[in-house]
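Next come the chains, spelled out residue by residue.
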Amino acid sequence: MNDAIKDLLYRMADDELIIGHRNSEWTGLGPILEEDIAFSSIAQDQIGHALAIYTLLQQHFEAGTPDAIAFGRDEKDFHSSHFVELPIGDYAFSLMRHFLFDHAESLRYEMLTQSSFAPLAALAKKIKGELKYHVLHADLWVTKLGKGTEESHARMQTALNEAFPYALGMFEPSKFEDELQTNNIFEGEAALQAKWLDAIAPIIDKAGLVLPDVAPSSIIFGGRNGYHSVYLQPMVEEMSEVYRLDPAATW
Amino acid sequence: MTESLDPRIQRAHIEGAPASAGLEPNEHWETFAIFHQDKRGAAHEFVGIVHAPDPELALVFAKEQFGRRKKTVNIWAVRSTDIFTFQHEDEDMFSTVPDKNYREASGYPVRKRINKYLFDTKEEQKEMERMDAEAKA
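Respectively, the protein sequence lines represent chains A and B.
Take the first sequence: its position 198, counted from the start at 1, is 198 in our numbering, and no numbers get skipped.
Take the second sequence: its position 118, counted from the start at 1, is 118 in our numbering, and no numbers get skipped.
Keep in mind the hints are simulated off the structure, nothing from the lab.
Computed from a predicted structure; not experimentally measured.
Cβ atoms here follow ideal geometry from the backbone N, Cα and C, with glycine treated the same way.
Wrong hints could be hidden among the right ones.
Said to hold, decoys possible - Derived DSSO-like pairs: lysine-lysine, alpha-carbon spacing no greater than 27 Å straight-line: (1) A:K126 - B:K71; (2) B:K39 - B:K70; (3) B:K122 - A:K132; (4) A:K6 - A:K195; (5) A:K132 - B:K71; (6) B:K71 - A:K128; (7) B:K122 - A:K147; (8) A:K147 - A:K76; (9) A:K206 - B:K63; (10) A:K125 - B:K70; (11) A:K126 - B:K122; (12) B:K63 - A:K125; (13) B:K70 - A:K126; (14) A:K147 - A:K195; (15) A:K126 - B:K39; (16) A:K125 - B:K71; (17) B:K63 - A:K132; (18) B:K63 - A:K128; (19) A:K128 - B:K136; (20) A:K206 - A:K195; (21) B:K39 - A:K144; (22) A:K125 - B:K39; (23) A:K132 - B:K39; (24) B:K100 - B:K122; (25) B:K122 - A:K128.
What the hints assert, rightly or not - Calculated from the model, a selection of chain A residues having no Cβ within reach of chain B, i.e. all distances over 10 Å: (26) H21; (27) T27; (28) S41; (29) S116; (30) H137; (31) T158; (32) A190; (33) P216; (34) S217; (35) I219.
Extracted from the complex, chain B is given alone in its bound form (with noise of 0.2 Å):
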């Protein structure tokens, strides 16, 4: 008996899970996790999986599973046992995150400079302006 060829069912390593039916290898085909582009030079985000037995079959049911009914301009499928996770139980790693607001660019107040700075460079080129059109007169 193989174990699952999922890799979702392996990574969640649930304690005691049956091994599945006497899957032989090419039986089950793999799972291909779907990355969608919504326009050109925009991230590509994970949208779900297909089963496909290789990458262009992948791309292909993709395409018509995710590129339908939204506006696409590419697609990307990537083989799920090519991504790499950490544990869920391993979530408290990422815990203190929130306590650190100094890492935020909120935690900075620069508005007011940003603003300032912006007003005084209207104004300076206002005073060009009128230097130039002063020196023309």
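Pulled out of the complex, with its shape left as it was, chain A reads as follows (with noise of 0.2 Å):
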């Protein structure tokens, strides 16, 4: 069962991390000054998140330091799924997966509440408010932009067709799925994707988007076992630079 709870906090933990560094790359270049804080503050609440679920690795199954496992290891030892690699486009494109992620993980956080594996669960309870701030700032923004000008509906349309087939691959399954429920320690992949759609179908209908039809075929799987997309390496390279010039070195 160790197996099982391993894997799912390795693929929360790198979608928390890769994501929370994808956005930061928005810090000081935002579009207002505003939203460049708040925006910068949910991803450093998403770094915050992997920190938390790396230091349960560490304290219940022996991994190394949350700095071990968050720079030192090999691009192919990542969970995380192509959607959170993707680079952050242009704002809009930012704004949307932002949304798209973030339901999904509240709803995931919400789900763990009930986690037979009672630390995942105290963590879950702890973030609920976070989570809850992160999905109104999307939810607003979307749905904000989606109605405004002629050229923001547009642009957040085609975000939403681009980021869709990626989001989608969030929900890989994983070998672990019926050990998982049998021992009341995740519902699975499948129910946290149909509550996600419940969820953020009612926005996207109120923003006056349409959600594109995407064949099964098209849903872009692989990073839960190691494949990941192209942009995964050289941000692994850039975000462990300073850490493996010295990986001893204390700060």
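Both chains come to you apart, so use the hints to assemble them.
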């Protein structure tokens, strides 16, 4: 059962670390000061969630320190989805990814408040308020820009069309699905995806946008098993550049 | 050319200030005054402003700008244009207040009387208890 929990923790934490790092690329470049601060803060929260989960891996599963996990692994050892690895694109794309990702994240943690793995359930309860804010921020922007001008509407729809096949890839089933469900650790990726679609559909509708039809064969899988997009390797190198100069250094 | 859309600039009534550089409505977001509350029941205190296109986003921005570094239970956002103010040149309307110390509670020497009242009540209480105890005995 330990392998099943570890797999779940790695996929969650790696997604958080990678999207947190990606979103932080907007820091100082956001469209206006107030939004720059809000979006950067959300990115920081996500890296904080990654840290919390890496700490669980260290405490309960004899993994290395959170720094060693985050910066010491090779690209193929990451469990992140392609969705979070993609470059930031324009602000419409980053906002749309934030919307699709944070709804999934928020629902995943909500389900995990019932997890039989108590430390994860406790973490899920602790960060509930943060996630509520992330979703509020995302929902407001998506509806506002979806209904804004002709240009803002077109950009948001384009962003949704590009992001959606990748977003569905977040729910790539793991080989431990049955084990996680039988042991009441996690209800599973399929259940999460269904809840996620129920949550985003009314907001997409309110924004005047349309969810694209995605054939199952067009969903971008692979990341959970170490098959990544071309964007991850350069990012891992950049992210861990300083750490690798001297992994034993104290800061 | 429209005038500045920032109400703080409008209120300043600066003589000969250049009209702003051809701003169209909606090109410039409104300013919202932000009021911060650190515990339920406490007064909301003015802490600064944010620029936002509407009240919902003003609250979302204010949460990060003013609710992140200290304890916060609630925030108000108020359109700056909805705040009515005196002009600073009318400050003299308030200038005689420091002379009117009879308006201050400190002008009334009541502390002694309050203390005496508290003492007397306590003594009275003790006396009652003593009598109660005697009656029981």
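We went through each hint and held it up to the structure:
| no. | hint | in the structure |
| --- | --- | --- |
| 1 | A:K126 - B:K71 | holds (16 Å) |
| 2 | B:K39 - B:K70 | holds (11 Å) |
| 3 | B:K122 - A:K132 | violated (53 Å) |
| 4 | A:K6 - A:K195 | holds (23 Å) |
| 5 | A:K132 - B:K71 | holds (18 Å) |
| 6 | B:K71 - A:K128 | holds (17 Å) |
| 7 | B:K122 - A:K147 | violated (70 Å) |
| 8 | A:K147 - A:K76 | violated (41 Å) |
| 9 | A:K206 - B:K63 | holds (24 Å) |
| 10 | A:K125 - B:K70 | holds (21 Å) |
| 11 | A:K126 - B:K122 | violated (49 Å) |
| 12 | B:K63 - A:K125 | holds (21 Å) |
| 13 | B:K70 - A:K126 | holds (18 Å) |
| 14 | A:K147 - A:K195 | holds (25 Å) |
| 15 | A:K126 - B:K39 | holds (20 Å) |
| 16 | A:K125 - B:K71 | holds (19 Å) |
| 17 | B:K63 - A:K132 | holds (12 Å) |
| 18 | B:K63 - A:K128 | holds (16 Å) |
| 19 | A:K128 - B:K136 | violated (60 Å) |
| 20 | A:K206 - A:K195 | holds (18 Å) |
| 21 | B:K39 - A:K144 | violated (32 Å) |
| 22 | A:K125 - B:K39 | holds (22 Å) |
| 23 | A:K132 - B:K39 | holds (20 Å) |
| 24 | B:K100 - B:K122 | violated (37 Å) |
| 25 | B:K122 - A:K128 | violated (51 Å) |
| 26 | H21 | holds (19 Å) |
| 27 | T27 | holds (13 Å) |
| 28 | S41 | violated (5 Å) |
| 29 | S116 | holds (33 Å) |
| 30 | H137 | violated (5 Å) |
| 31 | T158 | holds (22 Å) |
| 32 | A190 | holds (32 Å) |
| 33 | P216 | holds (36 Å) |
| 34 | S217 | holds (38 Å) |
| 35 | I219 | holds (32 Å) |
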